[in-house]
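Engineer: Each chain, letter by letter, is given below.
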Amino acid sequence: MAATRPLGLESALDQAMPPHVPVAADVWRRFARNKLSLVGLGLVGLIVFCAVFAPHLTSYDPLAIDMNVLGTPTPPSAQHLFGTDVDGRDYFSRMLFGARISLEVGFSAMFIAITFGTIYGAIAAYYGGWVDSVMMRFVDMMLSFPTFFLILTVEAVTNNFSIIVIMVVIGMLSWTGVSRLVRGQILSLRERDFVTAARAFGAEDRRIIFRHLLPNALAPVIVAATLAIGDNILTESGLSYLGLGVQIPTPSWGNSLQKALDPEVLSAPWLLVIPGLLIVVTVVAFNFVGEGLRDALDPKTRGSGA
Amino acid sequence: MSTYIGRRLIGLIPLLLGISVISYAIMALAPGGVGSIFTHSARPMSAADLAVIQHQLGLDRPWYVQYFYWLHNLVVNRDLGFSFIDGRPVMAKILEKIPTTLQLISISFICTLLIAIPTAIYAATHKNSVVDYIATAVAFIGYGMPTFWLGIMMLEIFAVRLHWFPASGLSEMGSSGFNLGDRIHHLVLPVATLTFVSLASWMRYQRASMLDVLGEDYIRTAAAKGLSPRVVVYKHALRNALLPVITLVGLYLPALLTGAYFTEIVFSIPGMGYLGLNAIFERDYPTIMGITLFSAFLVVTGNLLADIGYAVADPRIRYD
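Protein sequences appear in the order of chains A and B.
When you number the first sequence by numbering that gives the first Met the number 0, it's gap-free, plus one each residue, and the end is 305.
When you number the second sequence by numbering that gives the first Met the number 0, it's gap-free, plus one each residue, and the end is 319.
Worth flagging that the hints you see were computed from the coordinates, not collected in a lab.
Keep in mind that a hint or two might mislead.
The following residues of chain B were derived to be distant from chain A, with all beta-carbon distances above 12 Å [unchecked claim]: (1) L8; (2) M90; (3) N178; (4) N302.
Here are some of the chain B residues that sit facing chain A, going by a computed Cβ distance under 10 Å [to be verified]: (5) I18; (6) S22; (7) T146; (8) I151; (9) L252; (10) L256; (11) F261; (12) G272; (13) A295.
A quick note: this is a predicted structure, and the numbers were derived from the prediction, not measured.
We put the beta carbon where it would ideally sit given N, CA and C, even for glycine.
Using the sequences provided together with the hints, build the complete structure.
Structural biologist: Structural data, given as structure tokens:
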């Protein structure tokens, strides 16, 4: 059908139509071309599986203390896959339940940051002018804070270490990058003909932003969201290591390292190596998936390789 | 150029004011408020005594009034108030810690650049070589690694097991005066930690920038007219590939500061991070405020220097 159209009309239509959003099968084909992304996806799947089915994968309660080994960590064995920690608790089940915490915080904080950042960036870009200037100066200001220190301060002053508070604090202080990203995308889409057409039909601002602009700016946001999960897991582990995040005895990868410099722990290297490796593998896995999605969704590389 | 720098310097004022208002508001609006430190202490005081102390410290006034007193004191007397814990001036406490943190940051930063830039150039000019793969792997792992964990592992392996380096502090216990060899010996592990986690961003960014430049027409022209690959890479490509990286200096500073704070905490180095964490645990609000402001000041200054560096290095950019 397209071939019968005169050339001029074809390119005019191209101009007026929203950018081509690749369909799922197309994205998957290009995503699967990269082996590292597949490895990342497999690892993410495994970690999510372990977190979801944690109670079924271990017979030990992560909080239960075995008085026989209290104070002297036992090395990994058939009974205790990852050994036991200084307080005589099974380290394997603590790591499993720690995965739960990390993913809960990683995903929830990401949702908060992405939702807020997207709406913020979209409003700034759509209205432009002084609204945009004021909103983006505020983002500049937030970017000048060493965010982690600010998160620490907020955690310390609220003095509330429930997981919900940790998620909200991390989420509310990490949206600035997304808001810049969405703003840039929307600024470039705002003047396109399909938006002008929608406006000419009398669509309200809200409809134009949510129906026409945001869906077309989605691809980079998905990539940023995937990478943000890894960042949030790192932030949570840092907070918990310092004692300002997930509180002992609730198991978390970060707070398992709190007593890392005690002599009993330094003489039990598995207590140090395992949580750190889990953090690294998880964050790297999410980054692999994010990079793979970037290549698969980026219109610039589309159609080049195949 | 000087007009540009002057304008940027004036632009810093509202930025720093905004930062100070936000951090002040966060602390003042906290549940329990600034005064809660006195009711939570080991020897709780009577309500009447508490009221007297709060009045003395000005804590019974609304937070924005407190803020203006704080700001007035800072601008007129260059005074950030007194620490709640030991009563010493916050300004003095911070100024004596800053050199330590800056020393750690600058040495690590130089090491990062010395490793990252040559590696990235090699990786970009030898795409898909072994070096390229190793550099990419190191970058991914370094990016996913918590700074504090790397520090702990370094400490466990090189200080506790092998006894090659000291585990904490900046100088030998009981030693007096400054000893360069001793200082270097103490700095090896912290600097290695901070350098490794920083390498990731720099190698990836520099490699991407180099690849972009190598695809440009003027590089093909230079190669086509018979210049040696060496001249093309180092004279034509590198200078242009370094330009966008200057911007990264500014963007990367907050992360570098955070990394330095963690490194200080793991290796018990008495710098700003160590001071800040203790202040947070002890709810020493004047000190927390001071450190937040100084950190932001470092970041903003770094951004400004990066922008000026960019303007100096790139003749295409003129801000008049």
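Engineer: Please go over all the hints and tell whether each is borne out by the structure.
Structural biologist: Do the hints match the structure? See the list:
1. No Cβ of chain A comes within 12 Å of the Cβ of B/L8; the nearest lies about 15 Å off, and the non-interface call holds.
2. Every beta carbon of chain A lies more than 12 Å from that of B/M90, the smallest distance being close to 18 Å; the non-interface claim holds.
3. With 12 Å as the threshold on Cβ separation, the claim that B/N178 sits away from chain A holds: the shortest Cβ distance comes to roughly 25 Å.
4. Separation of B/N302 from chain A is inadequate, the least Cβ-Cβ distance of about 7 Å not exceeding the 12 Å criterion.
5. A hinted interface residue such as B/I18 counts as satisfied when its beta carbon comes closer than 10 Å to some beta carbon of chain A; here the least separation is about 6 Å, so the hint holds.
6. A hinted interface residue such as B/S22 counts as satisfied when its beta carbon comes closer than 10 Å to some beta carbon of chain A; here the least separation is about 7 Å, so the hint holds.
7. Taking 10 Å as the C-beta cut-off, the interface hint given for B/T146 holds, the closest approach to chain A being about 8 Å.
8. The interface hint given for B/I151 is met, as the beta carbon of that residue sits about 5 Å from the closest beta carbon of chain A, less than 10 Å.
9. With a cut of 10 Å, the hint placing B/L252 at the interface with chain A holds, because the nearest CB-to-CB distance is about 8 Å.
10. At about 5 Å, the closest approach between the beta carbon of B/L256 and any beta carbon in chain A falls short of 10 Å, and the interface hint on this residue holds.
11. Taking 10 Å as the C-beta contact cut-off toward chain A, the hint placing B/F261 at the interface holds, the least distance being around 7 Å.
12. A cut of 10 Å between beta carbons decides the hint on B/G272: the least distance to chain A is about 8 Å, and the hint holds.
13. Using the Cβ-Cβ criterion of 10 Å, the hint placing B/A295 at the interface with chain A is satisfied: the shortest such distance is roughly 5 Å.
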